[in-house]
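Colleague: Chain by chain, the residues:
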Amino acid sequence: MPSPRWRRALSAAGEAVWPPAAALGLSFAIGAAIVAAIDENPLRVLPLIFAPGLGSADGFARVLFDATPLILTGLSVAYAFRAGLFNIGGEGQLYAGAFLAAWTALALPGLPRPVALPLAVLAAAAGGALWGAIPGWLKARFGVHEVINTIMMNFLAVGLTGWLLERFLQEPGQMIPHTPEIPAAYQLQPFAQGPGGAWLGLDRANPLGASLLVALAAAVAVGLVFRRGVEGYRLRAVGLSPAAARYGGIGVGGVTVRAMAVSGALAGLVGVHEVLLYRHRFLDNFSSGLGFLGIAVALMGKNHPLGIVLAALLFGFLNTGALEIDIFTQVPRELVVVLQALIILLVVSFGELALWRRRRRRREEAA
Amino acid sequence: MRVALEGLCRSFPGVRAVQDVSLDYEPGRLYALVGENGAGKSTLMHLLYGMLPPDAGRILVDGRPVRLAGSQDAIRLGIGMVHQHFMLVDTLTAAENVVLGAEPGRWGRLDREAARAAVRADGERFGLAVDPDAPLESLSVGEAQRVEILKVLYRGASFLIFDEPTGVLTPQEARGLFAILRRLRDEGKTVVLISHKLDEVLAVAETIDVMRRGRHVGRLAREEADAERLARMMVGREVLLRVEKPPAAPGPPVLEARGLGLARRPGRAELADVSFTLRRGEVLGIAGVEGNGQRELAALVTGLLRPDAGELRLDGRSLAGLTPRRARDLGIRHVPEDRQRTGLVLDMSLRENLILGEEGGPAAGRAGVILPGRVATLARRRVSEYDVRVADTRQSARSLSGGNQQKLVLARELDGDPRLLVACHPTRGVDVGAIEYIHRTLLAKRARGLAVLLFSSELSELLALSDRIGVLYRGRLTAVLDADAVDEETLGLYITGARGVERA
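As you go down the protein sequences, you meet chains A and B in turn.
The first sequence begins at 1 in the numbering used here and counts up one residue at a time.
The second sequence begins at 1 in the numbering used here and counts up one residue at a time.
Where hints are given, some of them may not hold.
For each label pair, taking beta carbons as the anchor points, the in silico distance ranges come out as [claimed, not checked]: (1) B:S396 / A:M175: 33 to 41 Å; (2) B:A376 / A:R359: 26 to 34 Å; (3) A:R359 / B:A117: 54 to 62 Å; (4) A:F86 / B:A498: 47 to 55 Å; (5) A:R359 / B:V141: 21 to 29 Å; (6) A:L224 / B:A309: 44 to 52 Å; (7) B:R341 / A:L224: 53 to 61 Å; (8) A:F168 / B:A309: 49 to 57 Å; (9) A:E181 / B:A367: 56 to 64 Å.
Hints in this document: simulated from the structure, not taken from any laboratory.
Virtual Cβ for every residue (Gly too), placed ideally from N, Cα, C.
Model the full assembly from the supplied sequences, consistent with the hints where possible.
Modeller: In structure tokens form, the structure reads like this:
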């Protein structure tokens with residue numbers, strides 16, 4: 001017989017888990033119907049999505065690699081959301097972070113590695129933080145809605161980094177504008193090329209690297225702030241009731257700016273993954289919506305750090321599986337995009353449904 | 001229309017909200033249903049209005065059992081409900097609001113003339129004068145309530161339930177409402193007034209039903225009822241309706257206001273040249289009709305607003321540049337007027353609510369980390385010291401009754417012997433048992449030297465607790481009276497501006 005405390009924890013967990021789980025199940029059922037409509041066998045095609053990731057250590061490492069930036073952008077969305085803020089600006093913030101990291105590396109080529117690496121990581125976070133803090137400040141000072149101004153900041157970030165790149169940093173004679181390679185002291189090497197790579201069973205070309213550890217550390221840190229931090233308490237109070245928070249003496253404006261800055265910094269750390277590890281340079285237009293996908297990851301993960309890591313993994317699986325489907329079946333790889341869209345749509349719908357049920361129960365209890 | 005409830009029961013997880021209640025209502029009479037918060041009055045009426053299905057028992061209309069699958073069914077049968085929080089659209093006119101959902105007209109065209117005519121006709125018949133073309137947002141709360149009543153009448157209700165209708169009204173508006181209730185009765189409607197304010201029930205109802213902990217504990221005719229008897233039935237024990245106030249022993253000045261002024265802004269009243277002194281161990285009541293600057297004065301003292309003129313001093317030191325955080329650090333505490341919106345974070349637990357404002361301090365943790373053990377200990381102590389009745393401090397504040405929520409706010413704001421308490425309507429919407437407790441607590445803290453700036457729209461409360469009473473009229477302090485030397489009638493003259501204005 002479980003104690004009441006455990007039962008309560010279990011029922012709370014159940015309440016949090018069922019909407020995404022049901023959404024996942026239903027999405028794959030609809031996906032199966034689509035596959036069947038293309039005259040393929042769903043039971044053959046759908047497992048293929050998970051086959052590469054589960055088939056080998058190398059495959060799983062690729063899933064982790066794809067999941068890494070999504071963990072960061074998912075955390076970014078969840079952090080702002082804790083304070084009731086909807087940060088749509090992850091995309092712009094990660095551009096700002098990646099660009100500042102690359103620029104720092106190119107501007108200070110002579111630094112020794114123990115200084116260079118932490119500095120570049122900080123630069124990535126700082127770029128994102130700045131790009132988040134500006135809309136946060138506009139919201140706190142003038143009440144401009146953060147959804148509007150973070151979207152605007154996205155356009156600004158892509159345009160501005162593109163212009164700065166062309167004007168100051170571009171490597172000449174390239175089709176796609178990008179910077180020269182950053183100095184070796186700033187580069188992170190993939191695990192596969194390190195001493196343990198072969199032992200881990202990774203292919204030489206496997207890109208997984210230390211950015212994963214940065215993302216996981218960020219998840220743990222965000223979890224601690226949420227659970228135990230005074231700042232986490234303030235975020236939640238402001239998110240649930242700004243008026244009560246203000247009456248209680250919490251500086252709502254300050255919390256708003258800080259929440260957006262930290263949210264931006266988390267997105268900015270994608271620069272560590274993209275610039276320091278993967279490309280070793282800043283590439284114009286490199287992100288294909290990683291920031292926006294972060295919103296879906298946070299939704300799917302119920303704004304909980306552990307949930308976000310799991311949701312990012314799922315999206316990582318879908319990404320790596322897309323290639324497999326393309327190669328081995330008649331089904332176009334866009335199936336995976338359809339699946340992603342379905343999952344997001346259904347998670348939101350089921351989430352609303354759960355909320356509605358909870359509200360109704362609460363209303364009945366209150367009556 | 002004759003309505004009878006037979007053996008109604010309804011439970012919620014962990015609570016038997018309504019147990020075996022049988023009542024009958026005859027047409028053309030004025031009933032009241034009283035009970036403490038959580039006694040089951042609202043649940044009972046929700047059963048009758050079809051918003052909840054009963055677990056057992058039945059409802060008979062004119063002798064025939066009916067099944068209500070929703071409020072639509074109740075409305076069809078002629079049962080209507082006037083909610084405490086209006087279900088109206090701000091941007092529509094009064095007439096449009098009245099017909100909303102049952103619009104006259106054909107082929108999707110709204111017949112505005114018919115809507116206006118209906119509003120005028122019902123308005124005349126029941127004494128509910130409202131300009132049909134006035135946008136709702138331009139109406140006063142009392143007028144908006146009339147629109148809500150007209151809406152219910154327009155749907156053909158002959159049995160009207162009023163759920164705590166005076167909670168949002170000024171005393172004058174409440175008197176107007178009572179006249180309307182009598183008029184409705186005279187026109188043959190059945191009226192049920194849900195309330196926990198004994199004086200208004202005694203003023204208007206003919207038959208009074210009392211509920212306690214889900215059970216119907218008695219029905220009294222108006223002639224048999226008095227406030228003490230009703231309170232005893234509601235609470236189940238003797239209740240002191242008026243607490244004993246020992247003579248004041250005021251000490252040195254704690255709060256001094258000198259020529260405070262605040263410019264008028266949209267949604268904000270002005271203040272002009274407000275000066276007073278509040279001493280240690282003294283309660284200074286502030287009387288006034290809502291909207292005469294009380295809210296603004298409370299906001300100035302708690303740092304939520306900054307004055308445009310004049311200054312405030314605490315223990316002789318200037319409070320210029322005061323913020324809510326700084327006010328709290330200086331020992332100024334605040335029981336805000338709206339505990340649900342500004343006093344508590346409803347979706348946080350009791351524990352979390354009890355550290356709001358101290359979350360960064362040693363009571364809750366250290367070095368930026370909240371220590372759950374410390375918070376739990378603090379919460380348990382405060383909850384028991386301030387008589388908040390809960391099983392578990394991890395419960396959400398939303399799950400508490402109004403009285404318990406208010407005690408939760410008091411527990412947070414009064415613990416640790418603050419210098420000054422700004423108490424805004426500390427007993428608004430709480431039941432008699434909790435009122436008694438809150439009054440006794442405030443006077444006990446006063447005896448220990450707390451200075452209290454008390455805002456209340458209940459003149460009887462101001463008279464019971466205050467040593468002196470200041471009157472705010474149009475943003476000016478038009479009088480400061482000795483509480484022992486005035487009565488409600490005199491105060492009523494001051495707050496409506498019939499007296500005291502020449503001074504300003």
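Colleague: The structure should be examined with respect to each hint, and the outcome stated for every one.
Modeller: Quick rundown of the hints versus the structure:
1. S396 (chain B) and M175 (chain A) have their C-beta atoms about 58 Å apart, which leaves the hinted 33 to 41 Å range violated.
2. Against the hinted window of 26 to 34 Å, the Cβ-Cβ separation of A376 (chain B) and R359 (chain A) comes to about 28 Å, which satisfies the hint.
3. For R359 (chain A) and A117 (chain B), the hinted distance range of 54 to 62 Å is not satisfied, since their beta carbons lie about 39 Å from each other.
4. For the pair F86 (chain A) and A498 (chain B), the supplied restraint of 47 to 55 Å holds, since their beta-carbon distance comes to about 52 Å.
5. Checked against the given bound of 21 to 29 Å, the beta carbons of R359 (chain A) and V141 (chain B), roughly 26 Å apart, stay inside it.
6. Checked against the hint of 44 to 52 Å, the C-beta distance between L224 (chain A) and A309 (chain B) comes to roughly 47 Å, which is consistent with it.
7. For R341 (chain B) and L224 (chain A), the Cβ-Cβ distance of about 31 Å falls outside the hinted range of 53 to 61 Å, so the restraint is violated.
8. Evaluation of the 49 to 57 Å hint for F168 (chain A) and A309 (chain B) yields a pass: the beta carbon distance comes to about 54 Å.
9. At about 42 Å, the CB distance of E181 (chain A) to A367 (chain B) disagrees with the hint of 56 to 64 Å.
Taken one by one, the earlier hints fail for this structure at numbers 1, 3, 7 and 9, listed in ascending order.
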